[in-house]
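Chain order of the listed sequences is A, B, C, D, E and F.
Just so we're aligned: 4 in this note's numbering is position 2 of the first sequence, and the numbers increase by one with no gaps anywhere.
Just so we're aligned: 17 in this note's numbering is position 15 of the second sequence, and the numbers increase by one with no gaps anywhere.
Just so we're aligned: 62 in this note's numbering is position 60 of the third sequence, and the numbers increase by one with no gaps anywhere.
Just so we're aligned: 61 in this note's numbering is position 59 of the fourth sequence, and the numbers increase by one with no gaps anywhere.
Just so we're aligned: 21 in this note's numbering is position 19 of the fifth sequence, and the numbers increase by one with no gaps anywhere.
Just so we're aligned: 11 in this note's numbering is position 9 of the sixth sequence, and the numbers increase by one with no gaps anywhere.
These are calculated hints, taken from the structure and not from any lab test.
Misleading hints may appear alongside valid ones.
The list treats identical chains as one, so a pair stands whether inside a single copy or across any two.
To be verified - Subject to a maximum C-alpha distance of 27 Å in a straight line, what follows is the list of computed DSSO-like cross-link-like pairs (lysine-lysine):
#1 Lys20 with Lys70
#2 Lys28 with Lys4
#3 Lys70 with Lys4
#4 Lys28 with Lys70
In case you want the letters, here they are:
Protein chains: 6
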Amino acid sequence: MKLSARNVLPGTVVAVTKGTTTAHIKIELAPGLTMFSSITNEAVDDLDIRVGDTVSAVIKSSDVMVGK
Amino acid sequence: MKLSARNVLPGTVVAVTKGTTTAHIKIELAPGLTMFSSITNEAVDDLDIRVGDTVSAVIKSSDVMVGK
Amino acid sequence: MKLSARNVLPGTVVAVTKGTTTAHIKIELAPGLTMFSSITNEAVDDLDIRVGDTVSAVIKSSDVMVGK
Amino acid sequence: MKLSARNVLPGTVVAVTKGTTTAHIKIELAPGLTMFSSITNEAVDDLDIRVGDTVSAVIKSSDVMVGK
Amino acid sequence: MKLSARNVLPGTVVAVTKGTTTAHIKIELAPGLTMFSSITNEAVDDLDIRVGDTVSAVIKSSDVMVGK
Amino acid sequence: MKLSARNVLPGTVVAVTKGTTTAHIKIELAPGLTMFSSITNEAVDDLDIRVGDTVSAVIKSSDVMVGK
Numbered sequence: 003m004k005l006s007a008r009n010v011l012p013g014t015v016v017a018v019t020k021g022t023t024t025a026h027i028k029i030e031l032a033p034g035l036t037m038f039s040s041i042t043n044e045a046v047d048d049l050d051i052r053v054g055d056t057v058s059a060v061i062k063s064s065d066v067m068v069g070k
Numbered sequence: 003m004k005l006s007a008r009n010v011l012p013g014t015v016v017a018v019t020k021g022t023t024t025a026h027i028k029i030e031l032a033p034g035l036t037m038f039s040s041i042t043n044e045a046v047d048d049l050d051i052r053v054g055d056t057v058s059a060v061i062k063s064s065d066v067m068v069g070k
Numbered sequence: 003m004k005l006s007a008r009n010v011l012p013g014t015v016v017a018v019t020k021g022t023t024t025a026h027i028k029i030e031l032a033p034g035l036t037m038f039s040s041i042t043n044e045a046v047d048d049l050d051i052r053v054g055d056t057v058s059a060v061i062k063s064s065d066v067m068v069g070k
Numbered sequence: 003m004k005l006s007a008r009n010v011l012p013g014t015v016v017a018v019t020k021g022t023t024t025a026h027i028k029i030e031l032a033p034g035l036t037m038f039s040s041i042t043n044e045a046v047d048d049l050d051i052r053v054g055d056t057v058s059a060v061i062k063s064s065d066v067m068v069g070k
Numbered sequence: 003m004k005l006s007a008r009n010v011l012p013g014t015v016v017a018v019t020k021g022t023t024t025a026h027i028k029i030e031l032a033p034g035l036t037m038f039s040s041i042t043n044e045a046v047d048d049l050d051i052r053v054g055d056t057v058s059a060v061i062k063s064s065d066v067m068v069g070k
Numbered sequence: 003m004k005l006s007a008r009n010v011l012p013g014t015v016v017a018v019t020k021g022t023t024t025a026h027i028k029i030e031l032a033p034g035l036t037m038f039s040s041i042t043n044e045a046v047d048d049l050d051i052r053v054g055d056t057v058s059a060v061i062k063s064s065d066v067m068v069g070k
């Protein structure tokens, strides 16, 4: 399945922190460039996301702001 | 002002396309790694966003999905 | 690629309306149950989305509100 | 109050899971078609959301991606 | 219908600008405090939103960042 | 850094509630007008957000719905 989301950035999982319902995932896109994601614990379990996994950070364009 | 958004990624504007109300901005974060942003024309005018500008792509963690 | 987004709902495209930069897609999930999506024109072109296509509406759980 | 959100889909609550601050709600829209929502515990308490309730899943069009 | 969205802020419409598919609405919440909203043209037509209308700006808590 | 987000509303923090991974912040924008924000615990720690702080609620226009 191809996505309408314009941002599908490959990287490596460097941290997985599960809370009671919400988990935080840290993805290294490039050396020194990390992306922080907040998803459900269910998604972490379903995709079996672990440190070292090759994944993609997926972001809809309308969720990207610009700072200058 | 420092932001709660965990993702503030520096880059260079490589394209600005204005529609009637909504504009699309392409930001190069690293060679071969671009971020696509959809913002209001007002924001483009207010920040005077132009190709070549040094900017940051700002994304709230809860807007980042993971694909595996 | 499997997604962390908990909502991936299959359906059929019943309308595609392109604006200057933003397009609107109407997806029928079930008889009488349609989903409205607002995405970039680039995504419509890239995925070649047309009326009659079998697609999925993809929604992150944190973007779903509840009304009662 | 009528909403600008184009997606207001009626359904039945089939699961409520409260975390420390964030709750997950599962809404059945049609047989075999469920919607997963992540909202605050405060909202669950305020609306008194319980399994069996008739509710609506409310989603802004700009939060709906398309996969093909 | 009561909403899980924790932010339902009453105000007055002070500007409506329609693009080809996306419209911008400016809502005055209090003197000197305005809220900018980007919604579909369909929503503007459906709710018949006009300057002077009493409306509410509705925002999900997970879409509110904090700057300090 | 100036933001493309059209809504940067100044206020005072009146409550901070940390969960296991997600925190809730209540910001008073004006007497009787409060904004509820859901952010990561990491952001609360990083910005050292405390009751009484002068902060801004930051919201992208595309995340603001209208109710009428």
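These are the hints, each one checked on the structure:
Taking CA atoms no more than 27 Å apart as the test, Lys20 paired with Lys70 passes between copies only; the shortest distance there is 18 Å, against 33 Å inside one copy. When the C-alpha separation of Lys28 and Lys4 is checked against a cutoff of 27 Å, the pair qualifies both within a copy, at 23 Å, and between copies, at 18 Å. When the C-alpha separation of Lys70 and Lys4 is checked against a cutoff of 27 Å, the pair qualifies only between copies, where the shortest distance is 5 Å, while the shortest distance within a copy is 31 Å. For the homomeric pair Lys28 and Lys70, the shortest alpha-carbon distances inside one copy (25 Å) and between copies (14 Å) are both at most 27 Å.
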